[in-house]
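Trainee: Chains as they are written, first to last, in the numbering used here: chain R, 1 to 467; chain S, 1 to 262.
Do not take every clue at face value.
[What the hints assert, rightly or not] Some chain R residues judged to face chain S by a derived CB distance under 8 Å, without partners named:
id, residue
1, D165
2, A167
3, L171
4, S172
5, Q233
6, P334
7, E340
8, H370
9, P397
10, G437
11, Y439
Read the hints as simulated data drawn from the structure, not as lab findings.
Only a predicted model underlies this, so the values are computations on that prediction, with no experimental measurement involved.
For every residue, glycine included, the Cβ atom is placed at its ideal position computed from N, Cα and C.
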Amino acid sequence: MRIMSEQFSFSDLRELFAKANEEKSGDQLAGIAAGSERERVAAKRKLADLSLDEIVRQPLIDPDDDDVSKLILESYDREAFMPIKSSTVGEFREFLLDDATDAAEIKRIQPAIIPEIAAAVTKIMSNKDLVLAAAKIRNVTRCRNTMGERGVLGIRIQPNHPTDDIAGILLSAFEGLLYGCGDAVIGVNPASDGVQSCGAILRALNRLVTTYNIPTQTCCLAHISTQLAALDQGAPIDLLFQSVGGTEGTNRSFGITLEMLSEGRDRIIKHHRQRQDGSWKGENVMYFETGQGSALSAESHCGVDQVTLEARAYGVARAFDPFLVNSVVGFIGPEYLFDERQIIRAGLEDHFMGKLLGLPMGCDVCYTNHAEADQNSVDNLLLLLGAAGCNYFMGVPCGDDVMLNYQSTSYHDAIGVRRIFKLRPAPEFLMWLTEAGIYRDGEPAKLAEPARRQLMKGLEWSLEDIH
Amino acid sequence: MDGHFNKLVPNADSAEIVRRVKMHTPARLLVGRAGAAYRTETQLQLREDHAKARDAVRAEFELNTAFHSEFIEELKLFEVSTRASTKMEYLARPALGREFSDESRKEILRRCSPASTVQIAIGDGLSALAIQSQVPQLLPLLVEGAKKSGWSIGQTFVISHCRVGILNEIGELLKPQVAILLIGERPGLASAESMSAYMAYQPSRFHSDANRNLVSNIHDRGLSAPIAAARILSLSAQIMRLGISGCTLKERQAMLPSDTDR
Numbered sequence: 001m002r003i004m005s006e007q008f009s010f011s012d013l014r015e016l017f018a019k020a021n022e023e024k025s026g027d028q029l030a031g032i033a034a035g036s037e038r039e040r041v042a043a044k045r046k047l048a049d050l051s052l053d054e055i056v057r058q059p060l061i062d063p064d065d066d067d068v069s070k071l072i073l074e075s076y077d078r079e080a081f082m083p084i085k086s087s088t089v090g091e092f093r094e095f096l097l098d099d100a101t102d103a104a105e106i107k108r109i110q111p112a113i114i115p116e117i118a119a120a121v122t123k124i125m126s127n128k129d130l131v132l133a134a135a136k137i138r139n140v141t142r143c144r145n146t147m148g149e150r151g152v153l154g155i156r157i158q159p160n161h162p163t164d165d166i167a168g169i170l171l172s173a174f175e176g177l178l179y180g181c182g183d184a185v186i187g188v189n190p191a192s193d194g195v196q197s198c199g200a201i202l203r204a205l206n207r208l209v210t211t212y213n214i215p216t217q218t219c220c221l222a223h224i225s226t227q228l229a230a231l232d233q234g235a236p237i238d239l240l241f242q243s244v245g246g247t248e249g250t251n252r253s254f255g256i257t258l259e260m261l262s263e264g265r266d267r268i269i270k271h272h273r274q275r276q277d278g279s280w281k282g283e284n285v286m287y288f289e290t291g292q293g294s295a296l297s298a299e300s301h302c303g304v305d306q307v308t309l310e311a312r313a314y315g316v317a318r319a320f321d322p323f324l325v326n327s328v329v330g331f332i333g334p335e336y337l338f339d340e341r342q343i344i345r346a347g348l349e350d351h352f353m354g355k356l357l358g359l360p361m362g363c364d365v366c367y368t369n370h371a372e373a374d375q376n377s378v379d380n381l382l383l384l385l386g387a388a389g390c391n392y393f394m395g396v397p398c399g400d401d402v403m404l405n406y407q408s409t410s411y412h413d414a415i416g417v418r419r420i421f422k423l424r425p426a427p428e429f430l431m432w433l434t435e436a437g438i439y440r441d442g443e444p445a446k447l448a449e450p451a452r453r454q455l456m457k458g459l460e461w462s463l464e465d466i467h
Numbered sequence: 001m002d003g004h005f006n007k008l009v010p011n012a013d014s015a016e017i018v019r020r021v022k023m024h025t026p027a028r029l030l031v032g033r034a035g036a037a038y039r040t041e042t043q044l045q046l047r048e049d050h051a052k053a054r055d056a057v058r059a060e061f062e063l064n065t066a067f068h069s070e071f072i073e074e075l076k077l078f079e080v081s082t083r084a085s086t087k088m089e090y091l092a093r094p095a096l097g098r099e100f101s102d103e104s105r106k107e108i109l110r111r112c113s114p115a116s117t118v119q120i121a122i123g124d125g126l127s128a129l130a131i132q133s134q135v136p137q138l139l140p141l142l143v144e145g146a147k148k149s150g151w152s153i154g155q156t157f158v159i160s161h162c163r164v165g166i167l168n169e170i171g172e173l174l175k176p177q178v179a180i181l182l183i184g185e186r187p188g189l190a191s192a193e194s195m196s197a198y199m200a201y202q203p204s205r206f207h208s209d210a211n212r213n214l215v216s217n218i219h220d221r222g223l224s225a226p227i228a229a230a231r232i233l234s235l236s237a238q239i240m241r242l243g244i245s246g247c248t249l250k251e252r253q254a255m256l257p258s259d260t261d262r
């Protein structure tokens with residue numbers, strides 16, 4: 001490939017894919033990034049001319065060495081792939097953006113798209129392309145409520161506490177509800193990975209949801225084996241959480257296998273059928289988190305770039321029909337996503353790739369204090385992803401996670417982004433908010449005295465010792 | 001202007017509730033709102049706390065300004081550096097923070113005697129402020145405790161632009177039984193003073209995080225210095241007794257003072 005007078009060659013697809021990426025410190029750290037902007041664009045041009053079939057036929061990671069590759073190649077819809085197989089990546093980009101390509105059209109081909117194709121087309125799309133194409137796609141999921149319909153924006157309440165103090169967790173959760181948050185899930189990252197504290201958190205959140213009859217899901221984001229051990233001890237589980245990555249080695253570093261995910265999912269579906277306390281809208285029972293750079297951090301990237309590996313993590317998630325999936329885009333730190341520009345790009349890439357692959361994509365729009373970013377960076381990505389039709393964001397009190405020590409989006413941001421884009425909470429949840437007097441006419445209400453008194457009682461209740 | 005109901009702040013009769021909420025969680029609750037945004041005081045407080053966190057990350061460690069001269073003299077502290085020569089390089093290239101510069105390696109070999117029972121080193125990590133605030137309280141307790149146990153203690157030094165993986169090179173250079181690295185944690189929005197202690201048994205270049213034990217959250221509102229010292233010393237003793245460190249070793253917490261005694 002010639003750009004100006006320079007000649008660039010790429011020895012294999014792995015190198016071509018890596019060099020076609022927008023600049024990321026993680027790809028540079030792995031030593032696989034383009035050496036110059038001219039080399040980057042040469043790679044993009046060459047990638048644009050590649051056919052989708054060539055990508056399927058030349059796996060970046062050998063399926064004999066990696067069970068994620070195997071899963072991907074065994075599970076895509078070959079019949080649906082036939083009509084698009086000879087398209088080039090460049091033509092595929094135009095197809096996705098075309099006026100005539102609507103939501104139904106994209107839905108038809110979703111099962112035919114393998115993660116490497118989603119990654120390839122992403123590499124030749126601008127930030128606005130990623131928003132435009134993603135905004136066409138709605139992926140709807142159901143557990144105790146319905147997430148992802150057009151016009152709906154969900155929020156996860158993330159009421160973390162540095163020592164897993166139950167009253168502290170409930171207080172944070174309670175205030176989130178008053179801001180109309182919590183329809184995606186009320187989900188706690190525990191400070192300790194113990195089975196006891198995981199069970200205590202699950203029971204407390206379940207008590208909150210059943211006492212107030214709230215149509216939403218709860219979750220304790222401990223390791224999958226910890227959650228299942230808590231289930232064995234009688235704790236109720238709505239959503240089974242796990243972090244997943246795009247290679248077998250990354251998942252091994254997370255202490256999981258694909259079989260564990262499959263068995264865990266089966267157990268939770270069975271558990272839901274046996275439970276008396278839920279009115280279940282559907283059987284999407286998994287919650288996955290991902291993030292660019294996790295494979296490199298686990299030294300299991302196999303020489304593949306972080307955008308492609310992230311898409312492969314979605315390939316893993318897709319196999320288990322999740323209720324929620326989100327990238328934790330700014331959490332990993334500047335070694336992988338250096339600054340606001342890279343975090344924003346990654347957030348848009350992740351959301352688009354997930355949506356294209358059929359996932360109910362949300363995003364933890366966030367940053368750490370050693371990255372070149374601040375709360376304005378969060379505002380920017382939040383608004384871009386709001387425009388892109390992101391399924392849900394995080395709700396953290398004032399964006400300050402006092403356990404994980406990073407900043408995400410807040411309860412206030414939830415009201416803000418819903419107002420700007422005229423979005424509502426999940427339908428069942430909105431009905432509850434309205435009945436409780438928290439919402440009126442689709443907006444946060446000025447609380448009338450009886451509702452206010454009732455909610456203050458709720459706060460008091462949270463303060464009781466309920467260990 | 002919204003009425004006070006809409007600010008979601010309990011009104012005057014509820015000051016007691018606000019007080020009790022704050023006893024249960026450091027989360028920023030009951031701050032009210034200005035429409036779909038923060039009230040001005042909240043907005044500026046968040047900016048102030050982020051500014052402090054950023055300053056803590058960027059602050060370069062300097063031995064003579066970080067610690068009192070008596071403290072430095074008493075412990076004969078000296079400063080070395082990793083191969084990361086600037087903070088920026090340190091952030092962008094993690095591998096450089098896991099190796100000593102050639103000059104530092106020579107200085108360590110010149111000033112430290114090898115094969116001690118316990119070798120303590122101090123690293124700035126992501127918060128020079130954290131080690132500045134925690135080390136003067138914690139280090140004397142560790143030294144005193146180690147002496148009581150009859151352990152020989154290597155000469156302590158301070159490492160700038162330091163990552164946890166430097167433990168491996170400390171192990172290769174000085175061959176201690178147990179190496180302890182006190183290192184500044186990534187600052188949160190309101191806590192730039194939190195420090196961790198990483199411990200490893202006979203660390204070598206083959207060690208990863210799986211071979212290390214960790215006592216984290218050492219700061220005034222987390223683990224106090226006496227409790228942290230007790231845990232580090234007890235873990236060190238366990239590591240020596242079993243001849244292993246890392247994820248296969250589970251800390252025996254029952255014997256330690258309770259974390260709630262603070």
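Trainee: Starting from the hint list further up, note which numbers the structure goes against and sort them upward.
Mentor: Violated hints (numbers, rising): 5, 7, 10 and 11; every other hint is consistent with the structure.
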